[in-house]
Amino acid sequence: KAGVTQTPRYLIKTRGQQVTLSCSPISGHRSVSWYQQTPGQGLQFLFEYFSETQRNKGNFPGRFSGRQFSNSRSEMNVSTLELGDSALYLCASSLAGQSQETQYFGPGTRLLVL
Amino acid sequence: AQRVTQPEKLLSVFKGAPVELKCNYSYSGSPELFWYVQYSRQRLQLLLRHISRESIKGFTADLNKGETSFHLKKPFAQEEDSAMYYCALQARPGTNAGKSTFGDGTTLTVKP
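Note that the protein sequences, when read in sequence, are chains A and B. Read in order, the letters of the first sequence correspond to residues -13 to 100 in my numbering. Read in order, the letters of the second sequence correspond to residues 91 to 202 in my numbering.
You may find that some hints are simply not true.
Said to hold, decoys possible - Distance ranges between label pairs, derived from CB positions:
hint: 1; chain 1: B; residue 1: F166; chain 2: A; residue 2: L100; range: 44 to 50 Å
hint: 2; chain 1: B; residue 1: I141; chain 2: A; residue 2: G48; range: 44 to 50 Å
hint: 3; chain 1: B; residue 1: S102; chain 2: A; residue 2: F55; range: 43 to 49 Å
It is worth saying that the hints were derived from the structure and are not from the lab. Ideal placement from N, C-alpha and C gives every residue a C-beta, glycine not left out.
Construct all of the structure, not just a fragment, from the sequences and the given hints.
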């Protein structure tokens, strides 16, 4: 099976712009989670989608949003970018997002905000 | 609220020495705990999970509910073990369904 893919891999934006990141889960996986990874903060949970519904979200401002499509692909959007949004954004998929399931991570999208 | 604490950001040991990466958690209920590893230039991947009670690459981790810990151990570290290690708690269904909490990670360096 192909692994989790994320596009684009690298992105440079300026403050105030918005950005959309895409994640394609492993075939058959219906749960997609998004994380922000920074050197100082580690891995921070953004949100999780299952069957096109956001089931849970972390402590991020409303500028961070996402959605999931019927084929389980997911997108994450960040509006009004700030310098502090520069990070590696990871998505992970699992079969159904159950607590005992392994999450499979993508390579990440590295976002630089200037 | 669920929380995962990895008290050591950096850990350095010599090849052949024992290694222990600490992980403490807080969670109201029975947790599902995992260790994920990120080797240089590779994506984050599962190392082991407590539910499997397995040993992967010589690593083991025991869930201690009394001390709310899930420390990762290996009796003889190898240079290829150098990586970033994350302890993670994955919430059971209910209000926290789908929510995962990761520690800040520990960078392990195994010196020759």
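Hint-by-hint comparison with the structure:
1. A beta carbon spacing of about 46 Å between B:F166 and A:L100 agrees with the range 44 to 50 Å that was offered as a hint.
2. For B:I141 and A:G48, the Cβ-Cβ distance of about 35 Å falls outside the hinted range of 44 to 50 Å, so the restraint is violated.
3. The given range of 43 to 49 Å is respected by B:S102 and A:F55, whose C-beta atoms sit roughly 45 Å from each other.
In summary, the one numbered hint that this structure violates is 2.
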